[in-house]
Structure formats: C-alpha cells, structure tokens
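Trainee: Residues per chain are reported as follows:
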Amino acid sequence: MNTNEHGDVIEVTDLRRVYGGDGRGRGAFEAVRHVTFSVGRGEIFALLGTNGAGKTSTVEVLEGLAPPAGGRVRVLGHDPYRERAAVRPRIGVMLQEGGFPSELTVAETLRMWAGCTSGARPTAQALDLVGLTRRADVRVKQLSGGEKRRLDLALALLGRPEVLFLDEPTTGLDTEGRHGTWELVRALRDGGTTVLLTTHYLEEAEELADRLAILHEGRVAASGTPAEVTGTQPSRISFELPDGYHLGDLPPLARLGVSDHETAGRAVRLRTDTPQRTATELLLWADRAQVELRRLDVRSASLEEAFLRIARDAAAHGTDHRDKETAA
Amino acid sequence: MSTTTVGPGRAPVRTTAAARLRALARAELTLLGRTKATLATAVSVPLLMPLMFRSTVDGMDLKGTGLTVGSVLLPSSIGFSLLVAVYSSLVSVYAARREELVLKRLRTGESRDAEILAGAALPSVAIGLAQCLVLTVAYVVTLDVGAPASPHLVVLGLLLGLVTWPALAAVTASFSRSVEGAQVAALPLMMVSLLGSGTFIPLETLPDRLASFCELLPLTPVITLLRGGWTGHLSAHDTLGAVGTAVAWTAIAVFAVRRWFRWEPRR
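Keeping their order, the protein sequence lines are chains A and B.
For what it's worth, my numbering labels the leading residue of the first sequence as 158, then goes sequentially.
For what it's worth, my numbering labels the leading residue of the second sequence as 2, then goes sequentially.
A few of these clues could be false.
Said to hold, decoys possible - Keeping only pairs whose Cα atoms sit at most 30 Å apart, straight-line, the calculated DSS-like set for lysine-lysine is:
no. : chain 1 : residue 1 : chain 2 : residue 2
1   : B       : LYS37     : A       : LYS298
2   : B       : LYS105    : A       : LYS298
3   : B       : LYS105    : B       : LYS37
The set of hints was computed from the structure by calculation and includes no laboratory data.
Since we're looking at a predicted model, the values are computed, not measured.
Could you put the whole structure together from the sequences, leaning on the hints where they help?
Mentor: Here's what the structure looks like:
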C-alpha cells in the first residue's frame, strides 16, 4: 500500500515534535504542535513560515531523520522512521544545509551518492538537470552558495524519486538560478513527482505551490491553495491625491467599500473586500472632478500580505495559547 | 528538458550493502588522500615509533617472562598502529564528517547507520592492516622474530583490534564539538592504552593487582593475543579471557554508538 484512500502520498496527523526537557515534557521546547496536513500524488505542497516556525522540524520527521513525539506520519503508506528501508529508495531529500565533504569534487560527490542510491541516473544527466556540468571537476568548497544548493538538488534527484523533500531549495540562489530551480520542480511535478518544499520566500510558494500551509510557532495558521489563503485577505488600491485635494474630498470611504486606509503625504492606500466596486467609484469620482490619480495601482492581496496578517493575528493570540498550555 | 527524463521511475534494482559500502569507502579514501597531514601522521608515525621503542625494550629485564625483544616490540608496534592509524584518525574523520553535516546528509539516503560508519572507517582500517603487515615483515627480517607459534591467535587479535577500535573511535567522536576537540577527546584512551595495555611495559613486569586491572583495558587483549601468538605461551584460559574482554569492549562500544552517537553538530 502506497497511499491512503484519498490518494495522499504524505499524511501528517496531529504531529508533535519536542526538543530537550526531561523526557516528560518538562523544560522542553515544543517545535511542532499538533500539525495536520496531507499531500496528494503529483502535487507541489509548500510549508511556509518564518524562521523557527517549525518547517524543518516537520520535514525532518517526514524524511525519517527523527521520530515524532506525538501523532502519526506516513510517506507512501509507510512510517518513514521505522520503515526507512521501504521509504528511502523512493524519496529524494535536500536538507536545508548541504552536507558534502568540502574536499571532494562535484563529480566525486555524485558518484558516492549514486553508489548508495537504487536506480541512480547517470551522474552526467543529474549534473545537466541542475546546470552544473561545467563544474563537475571543481571541489565542493570552491562552489558558490547557489551552486551548492544545485548540487544538493542533483543528489536529491539522483534516484528518480517519487516524493521529493526540498528544505529551502533556493536560499542563496540568484534570480536566474531560482527560476531555473522553479522550472525544474514544475517539470518534476508534471512528470508525476510529489514535492514537499519549505520556503520563507512567499513569491516562491505563490509561483510553485498547488497547495500550502503557513506555519506559525509550530501550528498551521492557514492552509489551502494560494488563492484560498490570499482570498481571505482584502485587496489594496493605492494612488496619489492630486495637489490641493485631501482625503475628505473623496466620496465617503464606507460607501466605496473601504475597510481600512492609510495616508503618507499625498499617497493613499485603501483596503477593500470589493476591489471592483471601490475602483469603479474612485475612477468615476476622479472623472467627475477632472483630476488624474497618479501611480494608481489595484491589486488583490498577495501571499505576503496574507502571511504578515496571519503572523500578526497569531502573535496577538499567542499569549492565550501559552497561558492555556501552562494551565493544562 | 523532457518530463520523461525528470519524472519518477521505480528503481529496477535496489542497491546492496556491499555497493553502498564500496561507494562510501571510495569517497573516504579520496578524502584521506587529500588531507595530507592526517595521512602523513597515520602512515608514518606507527612505522617510526618502533625505532624509538627499541632502546627502551633493549634495557628491559625480560628474564623469566618468556619474552624476547622482538615479541615485545612487534605487538606493541601493532597496538600503536591501531591507536594512531585507526583510532585517532577515525575520531577526527567522524567528527569532521559530522561537523560538515555529511553524516546527517548520508542518513537521508538508503545507507544504514552501520554502513555509513563502516564506510568511513574502511580506508583507515585498511591502512592499519597494511601497517601491521609491513611491521610484521620488517620485524621478521630485522629482529629475527620468526614465524608466530600460534598464527590463529595473531589473526584473531588483529581482527578484534580492527573491529573494536573503529567502534571506540565513533564513541569518542561523540564527546567532541569540533575536529580539534576530537583530537583532545582521543587522548585519554590513547594514553591509558599506551601505558597500561602492555605496549610500552609488558604486563608481566607489573605488580599483580595493577596487571589484572590493566588486563581489562580495550587494547590489552589485542596485545595479549598477538604476543601469545608469537610466543605460543598463552593458555586456553588466558586466550578466552582476552577474547572475552575484546568482545565485551566491542559490544559496549556498539551499544554506546547506537545509543549516543551524534549524527549532527550540536547547535
């Protein structure tokens, strides 16, 4: 059995991970607190969060590097920690930080890894996939940060994995390298690979993820498709007021459907759940008043705004959580 | 690129433990060849030390112990080789691979924990073994040691040493936070072994109570078996005792590694 009845390749139910303490929870740090999500076959799933949100702690359990302190985890239908031998040949892993001997060359590193990997693709092909062919004979210590990330990706892809775990795959990459990695990850997904990636680049999650979960202080603060997660957030309209005009000269903001506004000098920023209505009313007003709204910009909420809002809300409620836990 | 080249494919053949070990050992051998200082120490020191021991042993009162200069020096030299070429250098190797996150990275792959540690150990073990052979030949030629009276004890002693000491190296590496710290962590066991395992001073020349304590040290059974192999004077009782001690140390070391070995740096 490789998947559950929903076709999920990765299942995480009520996962907890605890560091330190006396083994009974006292003095311990709970890095992952009852996290639940699942990833379907051929899906790209992103775990988003600030540093310390619990992304890596979660992924390490899925990779089988550590047992969960609580809850249940299945990868391809198996317990990744207890059934390593069954899971490992079918997954590819890219850790947050390299882990290659610095004195080996790129080709030697790949050859070592290929010797430990079932059905490894030819090393030349793996190098070609990540664009490192010309660096094959260079020692790892001489690679740039971005090249090391790409070497790591090549190792993760070596065994043609069914499930790929990428922990911050593009950290340290330049724009071109980042787009190259995105293209590769998409191609992998289209070829049927299931991808779980963590990132703190919101743009990356927006670009790549079919579904995502935002982690905050070890909990899932929001999850769904990028559209679902951003859909709960208001859109934004910004522009500059013409000389001689003030905010009070606009029609009443409530009538425009504006829920919130900010001004900075002549710049105005409005938030609205009904961007079409607000923009229409605003433009009709400008037309009537025969003024030009410079730097006009209408945009739906980005993942970044959703993320910041969620982090802010969670921080506001965070103290309650902690109080409850100490009490319990 | 086409999706057929990047998509997943079920591995037609699973790797074998032997193939994985070979790949890991090959990489480690390449690395050893590139860390010249470690390699130079591991290769030269055990081969040079016997020359310095020689005068000490020449001055020893060996009457009544059944020992000769050769049968004292050769096992000591082999013991020294195990300490320097195998134990000490492997402590550094394990610490270095851990600090570079290589061990953690390897653990995400198909290799089992024991294979990762054994693969890293193989080149050092091979160097240790080669030294033992070189030393034996050299002694036979120059000191007229002669062929061992009980070769099976020699082989047994060597094998036990080559299994116990890499395991002890892995345990020791867990007690350090850096490669430099690993060298310091290796010192206590090296010093105790040099002084108390019959390497410099044959146990036969020590007071009884001290000698029976020293018999329990991890290097002692190796020296005892090697020396007994050459003299042929080791009783079945003493042989079993030595083998038992060596096996016990291996078991303790393996248990300790499974329980406490640190696969990634402390943060």
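Trainee: All hints are to be evaluated individually against the structure, with a verdict given for each.
Mentor: Verification of the hints:
Among the hinted pairs, LYS37/B with LYS298/A is consistent with the structure: their alpha-carbon atoms are about 17 Å apart, no more than 30 Å. Simply put, LYS105/B and LYS298/A have alpha-carbon atoms about 18 Å apart, close enough for the 30 Å limit, and the pair holds. Proposed proximity of LYS105/B and LYS37/B is supported: the alpha carbons are some 25 Å apart, at most 30 Å.
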